[in-house]
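Enquirer: The chain contents come next:
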Amino acid sequence: MSTATSTAPLGAEKADENRSLIGLRRPDHTTGLADWLTTVDHKKIAIMYAIFSLAFLVIGGIEALIIRAQLAVAENQLITAEVYNQLFTMHGTTMVFLAVMPLSAAFFNYLVPLQIGARDVAFPRLNSFSLWTFVAGAIILNISWLFQAANLLGWFNPIDGRSDIVPAVGWFGYAPYTDTAYSGIGTDFWILGLQVLGIGSLAAAFNFIVTIFNMRAPGMLMMRLPVFTWMTLITSFLIIFAFPPLTVALGELMFDRYFGTSFFRVEGGGQPILWQHLFWIFGHPEVYILILPAMGIISEILPVFSRKPLFGYSLIIFSGAVIGFLGFAVWSHHMFTTGLGTVGTAAFSLLTMAIAVPTGVKIFNWIGTLWGGKIRFDVPMIYGLGFIWMFMMGGFSGIMHSSAPADSQQHDTYFVVAHFHYVLIGGSILALLAGLYFWFPKVTGRMWQGKLGHWSAIVIVIGLNWTFFPMHYLGMAGMPRRTHTYLEGTGWQALNFAVTIGAFILAVGILMFLIDMLRTYRKGVPAGNDPWNARTLEWSIPSPPPVHNFDRTPVVKARDAFWLHKFGTVDQKIGSVDPGAHGVHMPSKSWMPLLTSSGFLVFGIAMAMKSAGVPLMGYLAITGLSITLIGIYLWALEGPGGYHLHPEGEHRPH
Amino acid sequence: MSAATEVTESQEHVPTGMHPKKLMMWLFLASDCMFFGTLISTHLIYRKIYPDVGPDPRSIFDIELTTGSSFILLMSSLFMALAVSAIHKGELKSFRRNTVLVMIFGLLFLSGQVYEFYDFAVNKDFKLTTGTFGSSFYLMTGTHGVHVALGILWLGSLFAYSYTKHFKAETHAMDVEVAGLYWHFVDIVWIVIFTAVYLLEYVSF
Amino acid sequence: MSAIASADPAAQETFLREERKRYFTFMNLAFLMTALTGIELVLIYLPFPSQTIIYFTLIFLSLIKFVGVIFWFMHLLWDKAFLTIVFLFGMVIASGTIAALLLLFSEGYVDPAMGIYEAD
Ligand code: HEM
Ligand SMILES: [Cu+2]
Numbered sequence: 001m002s003t004a005t006s007t008a009p010l011g012a013e014k015a016d017e018n019r020s021l022i023g024l025r026r027p028d029h030t031t032g033l034a035d036w037l038t039t040v041d042h043k044k045i046a047i048m049y050a051i052f053s054l055a056f057l058v059i060g061g062i063e064a065l066i067i068r069a070q071l072a073v074a075e076n077q078l079i080t081a082e083v084y085n086q087l088f089t090m091h092g093t094t095m096v097f098l099a100v101m102p103l104s105a106a107f108f109n110y111l112v113p114l115q116i117g118a119r120d121v122a123f124p125r126l127n128s129f130s131l132w133t134f135v136a137g138a139i140i141l142n143i144s145w146l147f148q149a150a151n152l153l154g155w156f157n158p159i160d161g162r163s164d165i166v167p168a169v170g171w172f173g174y175a176p177y178t179d180t181a182y183s184g185i186g187t188d189f190w191i192l193g194l195q196v197l198g199i200g201s202l203a204a205a206f207n208f209i210v211t212i213f214n215m216r217a218p219g220m221l222m223m224r225l226p227v228f229t230w231m232t233l234i235t236s237f238l239i240i241f242a243f244p245p246l247t248v249a250l251g252e253l254m255f256d257r258y259f260g261t262s263f264f265r266v267e268g269g270g271q272p273i274l275w276q277h278l279f280w281i282f283g284h285p286e287v288y289i290l291i292l293p294a295m296g297i298i299s300e301i302l303p304v305f306s307r308k309p310l311f312g313y314s315l316i317i318f319s320g321a322v323i324g325f326l327g328f329a330v331w332s333h334h335m336f337t338t339g340l341g342t343v344g345t346a347a348f349s350l351l352t353m354a355i356a357v358p359t360g361v362k363i364f365n366w367i368g369t370l371w372g373g374k375i376r377f378d379v380p381m382i383y384g385l386g387f388i389w390m391f392m393m394g395g396f397s398g399i400m401h402s403s404a405p406a407d408s409q410q411h412d413t414y415f416v417v418a419h420f421h422y423v424l425i426g427g428s429i430l431a432l433l434a435g436l437y438f439w440f441p442k443v444t445g446r447m448w449q450g451k452l453g454h455w456s457a458i459v460i461v462i463g464l465n466w467t468f469f470p471m472h473y474l475g476m477a478g479m480p481r482r483t484h485t486y487l488e489g490t491g492w493q494a495l496n497f498a499v500t501i502g503a504f505i506l507a508v509g510i511l512m513f514l515i516d517m518l519r520t521y522r523k524g525v526p527a528g529n530d531p532w533n534a535r536t537l538e539w540s541i542p543s544p545p546p547v548h549n550f551d552r553t554p555v556v557k558a559r560d561a562f563w564l565h566k567f568g569t570v571d572q573k574i575g576s577v578d579p580g581a582h583g584v585h586m587p588s589k590s591w592m593p594l595l596t597s598s599g600f601l602v603f604g605i606a607m608a609m610k611s612a613g614v615p616l617m618g619y620l621a622i623t624g625l626s627i628t629l630i631g632i633y634l635w636a637l638e639g640p641g642g643y644h645l646h647p648e649g650e651h652r653p654h
Numbered sequence: 001m002s003a004a005t006e007v008t009e010s011q012e013h014v015p016t017g018m019h020p021k022k023l024m025m026w027l028f029l030a031s032d033c034m035f036f037g038t039l040i041s042t043h044l045i046y047r048k049i050y051p052d053v054g055p056d057p058r059s060i061f062d063i064e065l066t067t068g069s070s071f072i073l074l075m076s077s078l079f080m081a082l083a084v085s086a087i088h089k090g091e092l093k094s095f096r097r098n099t100v101l102v103m104i105f106g107l108l109f110l111s112g113q114v115y116e117f118y119d120f121a122v123n124k125d126f127k128l129t130t131g132t133f134g135s136s137f138y139l140m141t142g143t144h145g146v147h148v149a150l151g152i153l154w155l156g157s158l159f160a161y162s163y164t165k166h167f168k169a170e171t172h173a174m175d176v177e178v179a180g181l182y183w184h185f186v187d188i189v190w191i192v193i194f195t196a197v198y199l200l201e202y203v204s205f
Numbered sequence: 001m002s003a004i005a006s007a008d009p010a011a012q013e014t015f016l017r018e019e020r021k022r023y024f025t026f027m028n029l030a031f032l033m034t035a036l037t038g039i040e041l042v043l044i045y046l047p048f049p050s051q052t053i054i055y056f057t058l059i060f061l062s063l064i065k066f067v068g069v070i071f072w073f074m075h076l077l078w079d080k081a082f083l084t085i086v087f088l089f090g091m092v093i094a095s096g097t098i099a100a101l102l103l104l105f106s107e108g109y110v111d112p113a114m115g116i117y118e119a120d
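Residue numbers (my numbering), protein chains in the order written: chain A, 1 to 654; chain B, 1 to 205; chain C, 1 to 120.
Just chain A, same shape as in the assembly:
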């Protein structure tokens, strides 16, 4: 339709484009809050993802600190066992789904269109829908704390047996704990929250795959894509294949809880073990969903700070794809102790060992990139080097888990906790922080001053090792995970105390990082377009980038396009496509994605309330779904709209 309006005479165009096809006014000229709520600009959406996820990183971090305070000394009674369960559940769920995943999504959003030379993602309104659906899911999960507070104040009382209000079943929600007989409405918040988050992630993943295939600038062949974009692509494929099993498993669990089926209920013949299988069919690819974007970020940073092209570009991409594919064939390594049978155990053991190969290949490639380079130790690089080393440590303990006999000693002990925190904090989080530092000047146009950033990196790496290295020993000494407390005389006291100190050091490091970010945002010096002498397209445009990204669509001649533009031959310079008389077409903003997502929020909370025995909540849940349905219809009917910008001529939004 917009193509039609763009050829229409100017006056008619103006009238048409301010109103959508259903006659509602398009929020194109809103400012302030309404602007953020209706925006379809991938950069603004990215910034919101980042802010939300950093907030959840802090919330999840506080939960972890309380956990560590409880475990600091033996037989501690700082918090009850019930609250302890809630804390470790919410900590894990928050960190995985509300901190690392959305922070990765923030990078996808900000960088992919810029790196491929596009104006936006393929479906801008769907992108906004993904963001708000994520927010809805996050609220559903965390609002349980408020209901628990209301319960303590006596304002809210679930029916008998449902008064465990905050999720307390672990981030993996193992059956049969999740049964109504053993857990309260916390589990319902957890199910509904994850279900909604899954919808948001799926929508985003479809969007990014289409964007990467279809929106590339001329000349941006697949094998010229920046590695970060490649990793986004692979991660998105992992999401679209890994989330449906989780959706089904959660749906089955929901039916068990609400409609008396017996998928996982032992009384009805259900097999709790089936839940474990379904969860890990999702769960193992999920851990790669958490790490592959981080690997992409590192593969962008290392070449820039070594002043060398990435070593083994194709190999890095190929091993990323192999990791992604094999990731679907190793899930039972989380279940070695459940009795899979000899063949099953051996097969999953071997496949898990195999998956360490492409992971190792990547590490060699990164070292190869550093080798002989002109290394500059700025903040992103310090984080990046920390990543290589720390991630490798986590990989080592991973390989130790892959041997089933060894794992039967390590399983469900602190050794596993050490493993996944090395890969998640030492891997994902360090890389994401590296990326935040690296692209912060691009996003805000400001550059930090002073050494706080350097110190934050150093303190975080020290804190991380201080916290998690001793856990290997604790695990070997037999300390189980997910225990509220432990006895005097187990021999675990000293190390636990050390671990707690480490956790606070880590927290200080994160705090330094946050302070540095805020300070730079408020007082940073102008960064310029290309402060790092970097290699990819996003550095060729102003910082912060204008709303339409590129004045003219670039024409790419080679991999590392911007580097060759600066230092290559004349025919390697980036070309451009003339936008023509009607300028750059911009998509209209819209309220509909927000409306559609808000239906999920109503639905999720109403379902949990229904489980708590609050009357009429079934109807409210249906209302929620109706809101979503109405949202979808209005969305489809309003039409895409759009207006034109003339970046090179007069700045005239119609």
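Be aware that a few hints might be false.
[Claimed, not checked] Ranges of calculated distance between the beta carbons of each label pair, as one might list FRET restraints:
1. A/Thr-31 - B/Leu-92: 56 to 62 Å
2. A/Val-547 - B/Val-114: 34 to 40 Å
3. C/Glu-18 - A/Ala-354: 45 to 51 Å
[What the hints assert, rightly or not] Chain A is nowhere near these chain C residues, computed Cβ spacing over 10 Å in every case:
4. Glu-13
5. Lys-21
6. Val-42
7. Leu-43
8. Gln-51
9. Leu-61
10. Leu-76
11. Thr-97
Hints listed in this document are in silico derivations from the structure and should not be mistaken for laboratory results. Note that the Cβ used here is the ideal one computed from N, Cα and C, for glycine as well.
The hints should help you fit chains B and C with the ligands onto chain A, whose structure is shown.
Expert: Frame of chain A, contents of chains B and C with the ligands only:
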């Protein structure tokens, strides 16, 4: 229709030559394979390890009816293919006629399913809560039924939309085609369910 | 791919001819699949000595229908190969997962003494 018509401009340069909406739909369908795959696995696993839970399937299944349903859904797929072909040729009337037929056949399929569920639950005492068999059977076939219902809603919306002044065969052919892909997919899921869940129960080793 | 969008009358002509041919293809395919569905029904009533053959025939017939729908009705045959790859990728992962799960859950998994069969 939901992700809607917003891609118009992004088609300016499509390096892969694939329409974004079509690519999107195929990705969704690939992902939906995992979705139905999980549901079907659950069912098959429980049938495998608890062959004797709940009633004997052969004594409750009305296989002639189900075969009829399968035939109906196959026919609806034919009309869907014809509807897509019609809209590509710009034949609006033929598009509408075929779409109505798809919806009618879809509704017939759904009524067959409603009848089947009713018959099972009321006459044959086989309910959602009948152990693992009831759970997985109803959730799986029910989810498929919901997919059919959503498909009917989608096609119905396109059908109604085709009477508005905004609808143009050229611009909306892709919307119809994408809805068609979804519809055919629902059909192939049924092909799998029909064999794996119904027919194979009759084979005894 | 819509030919009406293309201004070239010659391309339009070929497109229409193709579409008309497809009409018959679709019809034939539908008849074939109806017949197969009928055969499936008959097969399960056959007192055939080897049930294994019936088992695999049923699976084979459903596979034919499956392929018929995706390649003809869903146009994969005439569309970009990449779409086929994407979809088959999903199919491969899904079937692999189903197969692995079915192998992992063996009949011996459940102790009949558990009393589960009385539960319904
Ligand atoms: C060299 C590659 C890796 C191997 C061989 C590996 C292997 C394993 C194994 C066998 C377990 C199960 C341990 C047990 O519960 O007994 C495990 C747990 C885990 N791994 Fe890894 N892993 C690798 C990399 C990663 C990465 C990159 C991540 C995420 C960024 C990750 C995250 C996790 C998590 C979160 C768990 C614990 C899940 C839980 O029980 O809650 N792993 N890993
Ligand atoms: Cu794993």
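Enquirer: So is C/Lys-21 really clear of chain A, every C-beta pair being over 10 Å apart?
Expert: holds, 30 Å
Enquirer: Over 10 Å to the closest beta carbon of chain A is the bar; see if C/Leu-43 clears it.
Expert: Non-interface label on C/Leu-43 holds, nearest chain A Cβ at 31 Å vs cutoff 10 Å.
Enquirer: That 56 to 62 Å hint for A/Thr-31 and B/Leu-92 (C-beta), does it hold up?
Expert: At 43 Å between Cβs, range violated.
Enquirer: Checking a non-interface call: every C-beta of chain A should be farther than 10 Å from the C-beta of C/Gln-51. Is that right?
Expert: holds, 26 Å
Enquirer: Quick one: work out the minimum CB distance from C/Leu-61 to chain A and report holds if it exceeds 10 Å, violated otherwise.
Expert: Holds: least Cβ distance 27 Å, greater than 10 Å.
Enquirer: Taking 10 Å as the cut and beta carbons as the points, is C/Glu-13 off the interface with chain A?
Expert: C/Glu-13 clear of chain A: closest Cβ-Cβ about 25 Å, beyond 10 Å.
Enquirer: Is it the case that C/Leu-76 keeps its Cβ farther than 10 Å from each residue Cβ in chain A?
Expert: holds, 17 Å
Enquirer: When you look at the beta carbon of C/Val-42, is every beta carbon of chain A farther off than 10 Å?
Expert: Holds, because the least Cβ-Cβ distance between C/Val-42 and chain A comes to about 34 Å, which exceeds 10 Å.
Enquirer: Is 45 to 51 Å a correct range for the gap between the Cβ atoms of C/Glu-18 and A/Ala-354?
Expert: holds, 46 Å
Enquirer: In this structure, is the beta-carbon distance linking A/Val-547 and B/Val-114 contained in 34 to 40 Å?
Expert: With a Cβ separation near 51 Å, A/Val-547 and B/Val-114 fall outside 34 to 40 Å, so the hint is violated.
Enquirer: Over 10 Å to the closest beta carbon of chain A is the bar; see if C/Thr-97 clears it.
Expert: Nearest chain A Cβ is 6 Å from C/Thr-97, so the label is violated.
Checked against the numbered hints given earlier, the structure breaks hints 1, 2 and 11 and satisfies all the rest.
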